[in-house]
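Keeping their order, the protein sequence lines are chains A, B and C.
Plus 25 on top of the position in the first sequence (first one is 1) and you've got the numbering used here.
Plus 105 on top of the position in the second sequence (first one is 1) and you've got the numbering used here.
Plus 19 on top of the position in the third sequence (first one is 1) and you've got the numbering used here.
It is possible that part of the hints are untrue.
Unchecked claim - If you want the footprint, here are the derived chain B segments under chain A, 3+ residues with CB under 8 Å:
no. : stretch
1   : 203-209
2   : 306-313
3   : 430-440
Said to hold, decoys possible - Computed footprint of chain C on chain B; a stretch qualifies when at least three of its residues, placed anywhere within it, have a C-beta under 8 Å from a C-beta of chain C:
no. : stretch
4   : 140-147
5   : 259-272
These are calculated hints, taken from the structure and not from any lab test.
This structure is a prediction, so every number in the text was calculated from the model and none was measured.
Heads up, the beta-carbon is just placed ideally off N, CA and C, and yes, glycines get one too.
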Amino acid sequence: MKYLSEFRDGELVQKLLAEIRAVVTRPWAMMEVCGGQTHSIIRNGIDQLLPPEIELIHGPGCPVCVTPLETIDRALAIAAIPNVIFCSFGDMLRVPGSEKDLFTVKSAGGDVRIVYSPLDALKIARDNPTREVVFFGIGFETTAPANAMAVVQAKKQGIDNFSMLVSHVLVPPAIEALMRSPSNRVQAFLAAGHVCSVMGYWQYEPLAGKYHVPIVVTGFEPLDVLAGIHRIVLQLEQGRAQVENAYSRAVQREGNLPAQRVLSEVFEICDRQWRGIGMIPQSGWQLNADYRSFDGAARFNVENVHANESTLCHSGEVLQGLIKPNQCPAFGKACTPQKPLGATMVSSEGACAAYYNYGRFVPVESIQ
Amino acid sequence: MTNSIDISGWVCPMPLRDYPQIVLGHGGGGKLSGDLVEHLFLPAFHNDALASLADGAALTLAGSRLAFSTDSYVVRPLFFPGGSIADLAVNGTVNDLAMLGARPLYLSVGMIIEEGLPIDVLGALVDRMAAAARQAGVQIVTGDTKVVDKGHGDGIYINTSGIGIIPDGVHIAPQNARPGDAVLVSGTLGDHGMAIMSVREGLEFETQIVSDSAPLNGMVEAMLAVTREIHVLRDPTRGGLASSLNEIARSARVGIALEDQWLPIRPEVAAACELLGMDAVYVANEGKLIAIVPPEHADALLETMRQHPYGKDAALIGHVVADHPGRVVSKTAIGGTRVISMQIGEQLPRIC
Amino acid sequence: MCLGIPGQITEVYEQSGARMGKVNFGGIVKEVCLEYVPEASVGDYTIVHVGFAITKLDEQSACETLQLFHELGILEEELRPDDTG
Numbered sequence: 026m027k028y029l030s031e032f033r034d035g036e037l038v039q040k041l042l043a044e045i046r047a048v049v050t051r052p053w054a055m056m057e058v059c060g061g062q063t064h065s066i067i068r069n070g071i072d073q074l075l076p077p078e079i080e081l082i083h084g085p086g087c088p089v090c091v092t093p094l095e096t097i098d099r100a101l102a103i104a105a106i107p108n109v110i111f112c113s114f115g116d117m118l119r120v121p122g123s124e125k126d127l128f129t130v131k132s133a134g135g136d137v138r139i140v141y142s143p144l145d146a147l148k149i150a151r152d153n154p155t156r157e158v159v160f161f162g163i164g165f166e167t168t169a170p171a172n173a174m175a176v177v178q179a180k181k182q183g184i185d186n187f188s189m190l191v192s193h194v195l196v197p198p199a200i201e202a203l204m205r206s207p208s209n210r211v212q213a214f215l216a217a218g219h220v221c222s223v224m225g226y227w228q229y230e231p232l233a234g235k236y237h238v239p240i241v242v243t244g245f246e247p248l249d250v251l252a253g254i255h256r257i258v259l260q261l262e263q264g265r266a267q268v269e270n271a272y273s274r275a276v277q278r279e280g281n282l283p284a285q286r287v288l289s290e291v292f293e294i295c296d297r298q299w300r301g302i303g304m305i306p307q308s309g310w311q312l313n314a315d316y317r318s319f320d321g322a323a324r325f326n327v328e329n330v331h332a333n334e335s336t337l338c339h340s341g342e343v344l345q346g347l348i349k350p351n352q353c354p355a356f357g358k359a360c361t362p363q364k365p366l367g368a369t370m371v372s373s374e375g376a377c378a379a380y381y382n383y384g385r386f387v388p389v390e391s392i393q
Numbered sequence: 106m107t108n109s110i111d112i113s114g115w116v117c118p119m120p121l122r123d124y125p126q127i128v129l130g131h132g133g134g135g136k137l138s139g140d141l142v143e144h145l146f147l148p149a150f151h152n153d154a155l156a157s158l159a160d161g162a163a164l165t166l167a168g169s170r171l172a173f174s175t176d177s178y179v180v181r182p183l184f185f186p187g188g189s190i191a192d193l194a195v196n197g198t199v200n201d202l203a204m205l206g207a208r209p210l211y212l213s214v215g216m217i218i219e220e221g222l223p224i225d226v227l228g229a230l231v232d233r234m235a236a237a238a239r240q241a242g243v244q245i246v247t248g249d250t251k252v253v254d255k256g257h258g259d260g261i262y263i264n265t266s267g268i269g270i271i272p273d274g275v276h277i278a279p280q281n282a283r284p285g286d287a288v289l290v291s292g293t294l295g296d297h298g299m300a301i302m303s304v305r306e307g308l309e310f311e312t313q314i315v316s317d318s319a320p321l322n323g324m325v326e327a328m329l330a331v332t333r334e335i336h337v338l339r340d341p342t343r344g345g346l347a348s349s350l351n352e353i354a355r356s357a358r359v360g361i362a363l364e365d366q367w368l369p370i371r372p373e374v375a376a377a378c379e380l381l382g383m384d385a386v387y388v389a390n391e392g393k394l395i396a397i398v399p400p401e402h403a404d405a406l407l408e409t410m411r412q413h414p415y416g417k418d419a420a421l422i423g424h425v426v427a428d429h430p431g432r433v434v435s436k437t438a439i440g441g442t443r444v445i446s447m448q449i450g451e452q453l454p455r456i457c
Numbered sequence: 020m021c022l023g024i025p026g027q028i029t030e031v032y033e034q035s036g037a038r039m040g041k042v043n044f045g046g047i048v049k050e051v052c053l054e055y056v057p058e059a060s061v062g063d064y065t066i067v068h069v070g071f072a073i074t075k076l077d078e079q080s081a082c083e084t085l086q087l088f089h090e091l092g093i094l095e096e097e098l099r100p101d102d103t104g
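So here's chain A without its partners, still in its complex pose (with noise of 0.2 Å):
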């Protein structure tokens, strides 16, 4: 497939496995932001080609994982009203709430659906106009102007018995976030490339000033993730702290304007619940105002849920980079992806799924 394959390039790769090999001369502890990219990175074998220098710390970027308890269960509640027809990404169905999931909502007679696409929730509430529809947004920012279109579309369609339930993250408050906790032990970052696509990289530029840390926006095929950490590593080795661009194919420093035109539309920054991590002030957009009234939470006041998180869950140290998912007392013993504790289990890029389902606690040894 144009512009996959060639960055799969095998001959390609070894090359630039060569040139990190080259330059490195100590150890770095760096980040890659984006679930996506712990997908790739695991997927692949990357972290087992990469010299031992080279640590790779896999960051909260899983919008699956990090949706507050909270939100999961407001979900869980409204997905199970009568008249609704829920609408999800197929990556939410598994995430364990207090005490379920949407599956098994959905196994008791509730009517919840898969969608690839927000726009596809909006046609299924022009097709029964009787039922009340509720789609599920979450996500980053990449995901953010999908979801923001389709309330503009419902508005602008009278579209009445269309609602969304928010749960959006942003990426620079919780760099932030992680960069003044005492415990950090992140170097450089590896931003995430399709968030940059949307909005830029200009927003990284005071972060890596004031932290002294590298940042540099990666894509997501192998090639991509390489470049990446190759020119991560030769500004560690020159000391530079600056955001370069590996994905240029792909991303421009002012982002893309017509999404950010809709996004401040539509939206406004509030504080967020980050599951696992604990409240991050301004990290997150709502509905604002001018749209308030396709709020899902709004809409269906469902009774005060409770949000009880698991003891034994440590998501919150996996997505914090302080501990690898195999180093959790609960991995692969109480919690698997079969029976997850928490949300880094279910979501398939969450650090403990990818770490569990690629084999990473089990040696593997290699293939000749």
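Since the structure of chain A is already known, use the hints to place chains B and C on it.
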């Protein structure tokens, strides 16, 4: 329903303890389904034929070795690119019997029809069943029909059961896999599952991908004519290649080592998987088989498969190894390794 | 986050007041919202996430990036002509 079952003695992890009701994942062919078999059905029914956990049972009756198998079809939509529930119902059971090395002979058909299904839809399905049976060389000799209230039954559910004769000297079972064996697959992976995805509400896309539903008994007979020393045959239906290979690895207590670049996947199926964030190794196939064979027979068998209309893209995808018993591992395109683990429930599209 | 796949625009049209299009991903065609890439037209490649094109792919950038990778190690090889590749 669960009152008479004491689940307190079951060893963790036990999802049934956590899912007090059946969820869709229990039908997905992955770990949840496996748990139902292991913790509910096996202890209750308890016999050696069942315990081998192959797709069909090999039984000795009056001096002959019989293969006996059953399968139920609940697919929606009833008609999809390249086939229908009717084709699946015939080919699925024919293939289960063929995977035991048997010549399939007779099928039964049980239909549970939803009130309100148009008669001409039923007629079209019955015609296709008849055509599929003729193509596979089997006869449908008995059947049953029930009708359920409108709102239950998704149009129609079909169960087929089948019997066949296993020739002398043929002993095919998952436990037979040996280190050094070649792992072959008869063609491209993921066609059926992605054909279904392409017409599934909320996920539709335009494509040329069609289901690969096909009867494989002819191919298996041709392969057995080359050699009787075929260790394992399996058709990777729901749960895909990954689930079948994991089951075989566990049964035989061997490891399986694949190479991602050797897996035959049509470019369109690969593209569809990229789009939905899915992995073709977990996607269902309805007209493909996995053959695990002694390495000295691999070339001859591949040649035979490739000459068959349903085996044009047959390929060697890996080997059985003594390392990492019970696990399936693959070398990635860039030279790393990944473990292809058992999926949990159904594979779902993802955005992340 | 952000499963974004490259695809080529094959059609552009208006639907319910929004700019929509058909995008071809290696043989799979899906309807995609093109509101966020007003500068992209038939023949261009875009990254699509949850049914929305979020950026137009810059072919020249892509080629330059690949070229850089290809050139890696060439200088070192030139400096060590006696080593085997």
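Does the structure break any of the earlier hints, and which numbers would those be?
Violated hints (numbers, rising): 1, 4 and 5; every other hint is consistent with the structure.
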